[in-house]
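One-letter residues, chain by chain:
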Amino acid sequence: MKLSRRDFLIKGTALFASLGLGGALFTETGKSILATGLDEGVDDPVLVVVQLSGGNDGINTLIPYGQGVYYDSRPTLAYQQKDVLALDNHVGLHPSLVGLSALYKLGKLAVIQGVGYPEPDHSHFRSMEIWQTAEPQKISRSGWLARYVDSSLRGNNNPLKAVQIGGSGSKAFASEKVSFPVIQSLETYSLIDPKTAMLDKNRLTKAFLDMYSTQNQVEQLRVVAGRGSEAYKSVEAIQALTATYANKVEYPKTNFAKDLQLVSKLLAGKSGTRVFNVQIGGFDDHADEKVQHAKVLTQVDEGLAAFYKDLEAQGLQDRVMVMMFSEFGRRVKENGSGGTDHGTAAPMFVMGGKVNGGLYGAYPSLSNLDNGDLKYEVDFRCVYSTLVDKWLKGDVSSVLGQPFDPIKFI
Amino acid sequence: MGLPWTNKEVVHLLLRAGFGATQEEIAACVSHGPEETVRRLIAGESVLAQPPVLIPFDQLTADGKKALDPLQLADQQMYWLYRMVYSAAPLVEKMTLFWHGHFATANYKVNDVTLMVQQNTLLRKYAMGNFQELLLAVSQDPAMMIWLDVNRNKKGKPNENYAREVMELFTLGIGHYTENDVKEAARAFTGWTYDKKENKVAFNPKQHDNDAKQLLGEKGNLDSADAVDIIVHQKTLSTFLATKLLKYFATDTPSEGWVQQIAAHIVNKATIGNVLQELFLSAEFYEEKYRMALIKTPADYVAGILKALQLSVSKGHAQAMRKMGQELYSPPDVAGWRGGTSWLNTNTLLARYQFAESIAKQMNLKLLTAPAFTPEQANRPDEWVKLWSQRLTIANLSDKTLQGLSSYADDTIVHTKQKNTGLRGLMQLVLISPEAQMK
Numbered sequence: 001m002k003l004s005r006r007d008f009l010i011k012g013t014a015l016f017a018s019l020g021l022g023g024a025l026f027t028e029t030g031k032s033i034l035a036t037g038l039d040e041g042v043d044d045p046v047l048v049v050v051q052l053s054g055g056n057d058g059i060n061t062l063i064p065y066g067q068g069v070y071y072d073s074r075p076t077l078a079y080q081q082k083d084v085l086a087l088d089n090h091v092g093l094h095p096s097l098v099g100l101s102a103l104y105k106l107g108k109l110a111v112i113q114g115v116g117y118p119e120p121d122h123s124h125f126r127s128m129e130i131w132q133t134a135e136p137q138k139i140s141r142s143g144w145l146a147r148y149v150d151s152s153l154r155g156n157n158n159p160l161k162a163v164q165i166g167g168s169g170s171k172a173f174a175s176e177k178v179s180f181p182v183i184q185s186l187e188t189y190s191l192i193d194p195k196t197a198m199l200d201k202n203r204l205t206k207a208f209l210d211m212y213s214t215q216n217q218v219e220q221l222r223v224v225a226g227r228g229s230e231a232y233k234s235v236e237a238i239q240a241l242t243a244t245y246a247n248k249v250e251y252p253k254t255n256f257a258k259d260l261q262l263v264s265k266l267l268a269g270k271s272g273t274r275v276f277n278v279q280i281g282g283f284d285d286h287a288d289e290k291v292q293h294a295k296v297l298t299q300v301d302e303g304l305a306a307f308y309k310d311l312e313a314q315g316l317q318d319r320v321m322v323m324m325f326s327e328f329g330r331r332v333k334e335n336g337s338g339g340t341d342h343g344t345a346a347p348m349f350v351m352g353g354k355v356n357g358g359l360y361g362a363y364p365s366l367s368n369l370d371n372g373d374l375k376y377e378v379d380f381r382c383v384y385s386t387l388v389d390k391w392l393k394g395d396v397s398s399v400l401g402q403p404f405d406p407i408k409f410i
Numbered sequence: 001m002g003l004p005w006t007n008k009e010v011v012h013l014l015l016r017a018g019f020g021a022t023q024e025e026i027a028a029c030v031s032h033g034p035e036e037t038v039r040r041l042i043a044g045e046s047v048l049a050q051p052p053v054l055i056p057f058d059q060l061t062a063d064g065k066k067a068l069d070p071l072q073l074a075d076q077q078m079y080w081l082y083r084m085v086y087s088a089a090p091l092v093e094k095m096t097l098f099w100h101g102h103f104a105t106a107n108y109k110v111n112d113v114t115l116m117v118q119q120n121t122l123l124r125k126y127a128m129g130n131f132q133e134l135l136l137a138v139s140q141d142p143a144m145m146i147w148l149d150v151n152r153n154k155k156g157k158p159n160e161n162y163a164r165e166v167m168e169l170f171t172l173g174i175g176h177y178t179e180n181d182v183k184e185a186a187r188a189f190t191g192w193t194y195d196k197k198e199n200k201v202a203f204n205p206k207q208h209d210n211d212a213k214q215l216l217g218e219k220g221n222l223d224s225a226d227a228v229d230i231i232v233h234q235k236t237l238s239t240f241l242a243t244k245l246l247k248y249f250a251t252d253t254p255s256e257g258w259v260q261q262i263a264a265h266i267v268n269k270a271t272i273g274n275v276l277q278e279l280f281l282s283a284e285f286y287e288e289k290y291r292m293a294l295i296k297t298p299a300d301y302v303a304g305i306l307k308a309l310q311l312s313v314s315k316g317h318a319q320a321m322r323k324m325g326q327e328l329y330s331p332p333d334v335a336g337w338r339g340g341t342s343w344l345n346t347n348t349l350l351a352r353y354q355f356a357e358s359i360a361k362q363m364n365l366k367l368l369t370a371p372a373f374t375p376e377q378a379n380r381p382d383e384w385v386k387l388w389s390q391r392l393t394i395a396n397l398s399d400k401t402l403q404g405l406s407s408y409a410d411d412t413i414v415h416t417k418q419k420n421t422g423l424r425g426l427m428q429l430v431l432i433s434p435e436a437q438m439k
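Residue numbers (our numbering), protein chains in the order written: chain A, 1 to 410; chain B, 1 to 439.
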């Protein structure tokens, strides 16, 4: 075969780095020729944020079974004391949360009660945004996790240092400077069919990089060019992962569990990821809530239990901490159709080998309400602050503007 | 009107007010001029003298063989995509999709494909009609009644779901109503029922709360029509809708002045069609800075490629849209698809690239080597790139993309004896170019 000058350049990989093409191509083995730096941070602490979308009913998650007013307010939704997985004499977990209850007993689960923020907003989207940006008072364009990455992982060039798992992005990773990879499965995470012949693949990749270089690109195309080249970099990094994941633990067949297993695979492959964000929806129930709520909580519980077991099997449980929240809880009183409407404060959960398990904060009063809503006891930013400072060893003030009172779960 | 009217303006309009265009349609619109082109789009008349006829659902076959099943979601998704590609009234489809994202009803809760299609038919009927009539009809649409629990909102037993979202997401936006308005509106909306067995919507006076209420400052024994009327006449509604329409059709960041101008049309004109007519005939809409400045939705991307290449629609194409983040009849939550840069996360971008690759791989070589795809100066790589980007309805290629693609075409088409791989590669690259993601 006759080689053109460009083919020679593409085949002559040693020359490639000096061409300043902004990325690497692939060698005969399919490995990126410039893939390096992925070992960075492989022993550092990892945070997995789990978002329950739709407003999880906190009262039927951490159930105040010791209070009569709970039963008075929720004639059809209340769980009887015998069904509740008691944590102490006052509160207990929803009957579906069997796995979390076991982890609590082992001291691997912290439950922070009554978490919220001042002047709560009952819109899913505004409230979600408040949690994701950690800015209750004003509209912010940057997410709290993005600010953490920006301030505290500066100099870490790993394109996988922070990863959104699933199909769609989260405002927690919103940033004017960088976009973070959103990964749904490793198998489909490719730009060009992996079966393509090497020379063709290199030619296509070269043309892709030419088109998507953000330098000198016309203004209208800068955003898409930026996103495309970020995608390229993360694809390259994914392909450079060491394939060491051995499936030792059986996960339930739900999307949430699949997402958590993907976290585990990335960590096993030494992706060097420090922050993950995972979401599960299905909490926006206003009618006949009992069945639907139990169904989604079961998914959460089984997914997290399998994930924790998997981390243990890989010896990663002490490196990973999971924090779980929802944009708001629900009203104390159930509505007329066996559901609950948008409310305020709710519990948060933190799980991991290094967690000081137990109950934190205080359960909000079910009778001293604000227009039917619970009054929060703990600002969610105290939880964020604790995690950034004590777990990730990051810079709290650049993430939250100011330090918040730490909570002793770490 | 003094609008310049060349291929460029026509492509801009047809990418926004439709799902791309064929060469024939572009030529027809150029000769019609702006007023007639826009008139036809708004009226739902084809821009062609002899438009292709849409095959009805029960006569269309999937992937060349099987008949479609009306009860299968995937078949209904495919059929709607087929409409987007082949309807003679593309703006009607575009607005139907707009309202679908606006009212954001999803089958994963409604759980009844027939009702989803019933709502789709309703949205198509009112697509360019009067907003108040549309809102009232949607409030009593069975799929909506299930989606936001209208059906479960009874006297003395309010369910606030619909009352909240109707103000937050359908009409006013956050900050233009209070928590108390939500509670009062919920009371006003009580009494509507949907009987699934009979597929019948009815008003049951016994379940309606007849006591006095106060909504957005207005007092009275309000019922559901009163509530809709009060809400629709809030000043902020027109601004809210104008912003949403401009973001959908024109720019992610419309100026305050433009929003106010469109808002004034929303107040003064009888229908959304009239409002859009003003928009598509305004000089501002065609300003250079708004050209190719919106990110294509997955619907734009998939339907546009199928249309440009006149490919038959298959179920896999609708599934590809899902991977790109836009599954028909299944918006992510009550707020619908977010639009803008949210379409471009790594995962969904890769889904676009993979779709382009699959299209390029399945392309018939006869077509790829046909005269329509071969430039007159076949020894000039840039001519290949220019012709192909034009065939794929890209209004303008940046120099950067042109260079990158030309260099590829040079190696794989101009200077090779086996150019078939190169032709497919060029098609794939044009379809994954940054320009092809924009409209």
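It is worth saying that the hints were derived from the structure and are not from the lab.
Hints are not guaranteed to be accurate.
Okay, the calculated bits of chain A under chain B, using three or more residues with CB under 8 Å as the criterion [what the hints assert, rightly or not]:
#, stretch
1, 82-90
2, 266-275
Subject to a maximum C-alpha distance of 27 Å in a straight line, what follows is the list of computed DSSO-like cross-link-like pairs (lysine-lysine) [to be verified]:
#, chain 1, residue 1, chain 2, residue 2
3, A, 233, B, 269
4, A, 295, B, 361
5, A, 195, B, 183
6, A, 233, A, 201
7, A, 295, B, 125
8, B, 244, A, 195
9, B, 125, B, 244
10, B, 183, A, 290
The beta-carbon is built from N, C-alpha and C at its ideal position, and this holds for glycine as well.
Hint by hint, here is what the structure shows:
no.	hint	in the structure
1	82-90	violated (count 0)
2	266-275	violated (count 0)
3	A:233 / B:269	violated (49 Å)
4	A:295 / B:361	violated (42 Å)
5	A:195 / B:183	violated (58 Å)
6	A:233 / A:201	holds (15 Å)
7	A:295 / B:125	violated (37 Å)
8	B:244 / A:195	violated (43 Å)
9	B:125 / B:244	holds (20 Å)
10	B:183 / A:290	holds (23 Å)
Hints 1, 2, 3, 4, 5, 7, 8, counting from the list given before, are not met by this structure.
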